[in-house]
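Number of protein chains: 2
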Amino acid sequence: MDMSRVRDVRERLVVVGGDAAGMSAASQARRMQGPDELEIVAFERGHFTSYSACGIPYWVGGDVEERDRLIARTPQEHRDRGIDLRLRTEVVAIDVDRQRVRARDLDSGDESWTSYDKLVIATGARPIRPDMPGVDAEGVHGVQTLDDGQALIDTLARTRGRRAVVVGAGYIGVEMAEALIKRGYEVTVVNRGREPMSTLDPDMGRLVHRAMEGLGITMVNDTEVTKVLTGEDGRVRAVVTEDAEYPADVVVLGVGVRPETSLAKAAGLPLGGHGGLLTDLGMRVRGHENIWAGGDCVEVLDLVSGQERHIPLGTHANKHGQIIGMNVGGGYATFPGVVGTAVSKVCDLEIARTGLREKDARRVGLQFESVTIESTSRAGYYPGASPMTVKMLAERRTGRLLGVQIVGREGAGKRVDIAAVALTAGMTVERMTALDLGYAPPFSPVWDPVLVAARKAAAKVRAS
Amino acid sequence: MDMSRVRDVRERLVVVGGDAAGMSAASQARRMQGPDELEIVAFERGHFTSYSACGIPYWVGGDVEERDRLIARTPQEHRDRGIDLRLRTEVVAIDVDRQRVRARDLDSGDESWTSYDKLVIATGARPIRPDMPGVDAEGVHGVQTLDDGQALIDTLARTRGRRAVVVGAGYIGVEMAEALIKRGYEVTVVNRGREPMSTLDPDMGRLVHRAMEGLGITMVNDTEVTKVLTGEDGRVRAVVTEDAEYPADVVVLGVGVRPETSLAKAAGLPLGGHGGLLTDLGMRVRGHENIWAGGDCVEVLDLVSGQERHIPLGTHANKHGQIIGMNVGGGYATFPGVVGTAVSKVCDLEIARTGLREKDARRVGLQFESVTIESTSRAGYYPGASPMTVKMLAERRTGRLLGVQIVGREGAGKRVDIAAVALTAGMTVERMTALDLGYAPPFSPVWDPVLVAARKAAAKVRAS
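Line by line, the protein sequences give chains A and B. If you count the first sequence from 1, position 328 lands on 328 in the UniProt record's numbering, and the numbers rise without skipping. If you count the second sequence from 1, position 187 lands on 187 in the UniProt record's numbering, and the numbers rise without skipping.
What the hints contain is simulated information worked out from the structure, not anything from laboratory work. Errors might be hidden in some of the hints.
Not close to chain A: a few residues of chain B, all C-beta gaps over 12 angstroms, as computed [as the list claims (entries may be wrong)]:
#1 Trp113
#2 Thr155
#3 Val240
#4 Gly306
Okay, the calculated bits of chain B under chain A, using three or more residues with CB under 8 angstroms as the criterion [as the list claims (entries may be wrong)]:
#5 44-55
#6 64-71
#7 241-249
Ideal Cβ positions, reconstructed from N, Cα and C, are used throughout, including at glycine.
One chain only, chain A, in its complex shape (with noise of 0.2 angstroms):
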């Protein structure tokens, strides 16, 4: 069907994707602008929309007992918004020169030119599948959409082996090792670098590692995945590695994303150096006027290091959706960038990062000094007090904060907040000594752990 009929009277949204950044800057863009002035096309492959993909790894274990929880606004919501809504249709390519899509209906097969005015892509990221042999065996499971998830859910319901590996060993690798403990099964988790959690430093990872080994996890580090052995019935049977062979009756691949560009990409879009799409400060595509990207298909600015990095984050996400909703409805908004905040949860161990890790200060030419401090969440006196390391890196001479990672329990994950402010307010270190901080007894120890850090890292800036 060719839409194009109804320009003359307002103009036409075409949205790429119905997650997060998409339906978001569906919906900022319907309350700057009524139907009378703005129609909202967008089209989702998938069957839902505005989804917590985040959440899955906790619907999966339990924690979260309905799927349709995860849901933050369904189909039907967006299309009471007056936002034309199209599940199970892929756009299959963007005509930038035309100003308009081609999308295929997924169940009928059907393809047809939707024209725009303005279009927004959001076609996120896909899981990095390894290339090897029995990847696409039957019970191997990727997590990124709920369509995954329900698809894992299905096969551990009718799997009757108790046998896990899950490979990677990032944040989806080890929250799903978390989830499949909490159902029952024997989990091996098998990652490729020196220590899980390679968003932090290996000393720090080290610090995951014992606790994912107090929980009954069997942590493969150092070693690469070679192929999935499948049995009679074409079902997973093992994961097979350089060194060794761990059967398993389900297998949940953890190993990361990539951004989703391949239409940006056949539509001659910029591309950046890690395949995501490189918009201005206000989301909009770099060289095009009237298209915006958001969410996991985008590149971001690294306030830090000041260069481009790829965070697939539902956070991000958002605030993407929310500012190119406010410009393409006709106002003002910029995402100035990260400075690369993560929090994540293993059973009780709080895991948060934010900056640079050493590898990435010494990547962009940064000398740093290290510090490594512990101390406990609460008064040491106050009931349920815990232990919790701070790792801070602070520039050499000018003493600029350029990273912290925590690993502790209770309190000690959002603690990396006061450190993602710190780094986006360009402070340094011996300033943070003097920050005017909550204190008391059941919140934390008179001198806060991040203070403590910050305090130790600015006498080792003096003495450099």
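Please build the complex by placing chain B on the supplied structure of chain A, with the hints as guidance.
For chain B alone, kept in the frame of chain A given last:
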């Protein structure tokens, strides 16, 4: 004993007051200079050193079992570090011209002069005792020092009745009310203000009010206590207000403190409008090269209002002590000021504030926009997500953050640190909307509640 005979070989530092600020200063000075360079004499009129006065309510309430758990460093530990500590010895005069202090041994009554090269005044604060009949009756307690706490615990142990009245509903009053509830008392809190926690705006204090009532505490607001009635045994029997009489077996005074600066005043040292000593950025008493002061006896610069305030809080006292010790010992450190951060807890309710309240902003001539939002501590679908209320003030036109108040459950309170750092950096609420804060379902909704408040505040600033 005149100790001036040793002045030829080394300098002498005299410290007046042996709690957080004084002993931190002494310890840090000792780290900077050994006993052959610097003699350190510290006078403390009580029995204890370096303790957590903030922990007293938790000791009274039974969360902390032993008094000694509140002591960070014992007198013997200080002595072992080469600090000549004189307990139960009160300084009764400072002779600035002749660089000496007169001290009285509280047990023997003996007095003598001790000369100093450098002096640290850390005399703390004294609780306000309402000037009314009966206030000195047996069973009426302040909770400022560890000695006070011990006296209250002794009273509770021998009191048969179970009715307690707390006068004042600030941090101490509220925490003591909870402690007494935990000990099985019927608790009435009599409060002069419109709502408890006058460090919050009344609309936020109202939330605390409701929570306290939910705990079974009787809150009486807008009421002045006029006298304390005693029985024939001389013990407290009731608290009388303008309107009513509240039977009481024990009374706790939590009506606040004033800087303890009578010595400093008599010595002609400069005091500010709140009665606290005035210092420079290095915590040196203004106009006095060799005298420093810190902790609850000084005024601090409020970086948001640009005015001096009196904020008695252990975390500031410790920072002051560190900075004084550095400077006394020949190093360099400054205390830039505070933003007025405080957190507190009543059972599972967390209460936090930083920056200016509405009335503070008005008093210093700032026009502002104010917003209040409701959100949750975790992703809505994640177990344990609990509601929290965030109020945010931003300056009109500029959008500069002026203050944040938070009332919620687990995970709410320390979020105030985000705002504390943003205030310190002078951020606008618009800038805050893009902060890269830690997000994962167990820690936060995809938009952290502080970001939700910042978005609403930014929209209001734009619209104004």
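Evaluation of the provided hints:
For Trp113 of chain B, the requirement that its beta carbon stay farther than 12 angstroms from each beta carbon of chain A is met, with the minimum near 34 angstroms. Once the 12 angstroms rule is applied to beta carbons, Thr155 of chain B is consistent with being away from chain A; the minimum gap is 22 angstroms. Distance check for Val240 of chain B against chain A: the nearest CB is about 32 angstroms away, which clears 12 angstroms, and the non-interface claim stands. Listed as a non-interface residue, Gly306 of chain B keeps its Cβ farther than 12 angstroms from every Cβ of chain A; the least gap is roughly 15 angstroms.
Counting residues of the region 44-55 of chain B whose beta-carbon sits less than 8 angstroms from any beta-carbon of chain A gives 3, enough to reach three: the coverage restraint holds. Chain A is given as covering the region 64-71 of chain B, and this holds because 3 residues of the stretch bring a CB closer than 8 angstroms to a CB of that chain, at least three being needed. For a cut-off of 8 angstroms, the count of residues in the region 241-249 of chain B with a CB near a CB of chain A stands at 0, and the three-residue condition is violated.
The structure is inconsistent with hint 7 alone, although it conforms to all the rest.
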